[in-house]
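Guided by the hints, dock chain B onto chain A, whose structure is given.
2 protein chains.
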Amino acid sequence: MKEKLNIIKIGGNVINDSSELASFLKDFASVKGLKILVHGGGKKATELATKLQLEPKMIEGRRVTDTANLEVVTMVYAGLLNKNIVASLQRNNCNALGLSGADGNVIKAHKRIVAAIDYGFAGDIDSVDNNIITSFLNVKLIPVFCAITHDTNGQLLNTNADTIASEVAAAMSNNYDVVLTYCFEKNGVLKDVDDNNSVIENINSETYKQLKKENVIFEGMLPKLDNCFNALQKGVSKIVIGNPTVILNKNQKYTSLKL
Amino acid sequence: MKEKLNIIKIGGNVINDSSELASFLKDFASVKGLKILVHGGGKKATELATKLQLEPKMIEGRRVTDTANLEVVTMVYAGLLNKNIVASLQRNNCNALGLSGADGNVIKAHKRIVAAIDYGFAGDIDSVDNNIITSFLNVKLIPVFCAITHDTNGQLLNTNADTIASEVAAAMSNNYDVVLTYCFEKNGVLKDVDDNNSVIENINSETYKQLKKENVIFEGMLPKLDNCFNALQKGVSKIVIGNPTVILNKNQKYTSLKL
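Top line first, the protein sequences correspond to chains A and B. Under numbering that gives the first Met the number 0, the letters of the first sequence match residues 0 to 258, in that order. Under numbering that gives the first Met the number 0, the letters of the second sequence match residues 0 to 258, in that order.
The shape of chain A in the complex, shown without the other chains:
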């Protein structure tokens, strides 16, 4: 039987509130067994871009990462956020190792080109090296990934943290029994977006199809859940979606996804 590995992803909402982040990291440090953290960006990058008077570039509602903005996210995600998260985890006796996808060549990606649109330095993941991540776990290190990857040709790439979490989870399923937990601002996938108690506790491939047909799954949730089922198909045992306290408290409601 494979050893259990928890992969936990936090987004900007946790990172933006320093006391919420401190509380989460304390909880994360006390999660038993093997674990990996993946963190998103948060408002700090936007704040820095504004201070530097960089204009946000959007194409069809999506932010485009130009050279100046890539510098900003590299500084904020891989520098400021990643190293402060690592230092906070060390304070909690959790031997964290901060990583971008370039470190150890762990996550290879390519610059996204969709049809004629150049999204700038945004990366789509090609592969994750599960062996090198396993070698970190073997020496009791806790990998902490920021949302920066590279193209193996010297180019750093801004990459969606949800996707990093699911691709790392899928790759690690070769070696481990992986549970992937997405922490976000709601208690789980909700039947009624405005009611945080209306958590759909279990979703599988069949009920997911049904929920989509009934338009119960709201729009922003669709790519997230498609991404999740993709990871389950690639071997991830279970995916949990809930608020940040779900990593320790399993008595509360949350959404559990299985194939």
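Worth flagging that the hints you see were computed from the coordinates, not collected in a lab. Take the hints with a grain of salt, since some may be wrong.
Some, not all, of what chain A presents toward chain B, calculated at C-beta under 10 Å [said to hold, decoys possible]:
hint	residue
1	P55
2	V71
3	N83
4	R90
5	N104
6	G234
7	S236
8	V239
Don't be surprised by glycine CBs; every beta carbon is placed ideally from N, CA and C.
Only chain B this time, still in chain A's reference frame:
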């Protein structure tokens, strides 16, 4: 007999010139055997601080790292510079792993307090974990250190890169036959500061005393060389001081320090 390990330190002068940096990293990638890179800061942090309208704070001619400036150096050293150096090394088929002292708890430091002067978030090194660095080397990773450490209590600290190089070299001497190379803008320690050909090729503890007595060693070089002899006393086999091309071309003149 211990296996040989090259530890190479580059400073701001190499980092500030992108083509010089690219050329150096290509050379570094082709250095045979086990190796570690330590990099300093460069002008990018000062540029960012200026753009953000932060006033440089100086006490008795030394820069003081306040909270805002610590954020800047964390972003630039651990984020922008470290990750771009790692990505460039990956391009050259060198499997680099970017590290701050907080990652893997590799370098523990404390906030510097000298007499009544608070230098802000500047770190003096307490210890280096040679075992965890060895575990990286064992899986064919090339550690790349930036000049950020931590105090194990959640605080990141701005730390002199020369000192990081010498302390890492000293600690690694427990496991390896370490040669530490400082690359800087001159060809070595010079008899005549204005003549780049006046390299003093060999210095040992005895001749160092003599050179100091004769005031041949100029002022800025003194702490650097004291630091070097300290590392030699802690077990480093040899220290090389020269221009960046010295790492591949040993036919040129350079300064070699031994006890």
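Here is how each hint holds up against the structure:
no., hint, result
1, P55, "violated, 17 Å"
2, V71, "holds, 9 Å"
3, N83, "holds, 7 Å"
4, R90, "holds, 4 Å"
5, N104, "holds, 5 Å"
6, G234, "violated, 24 Å"
7, S236, "violated, 26 Å"
8, V239, "violated, 27 Å"
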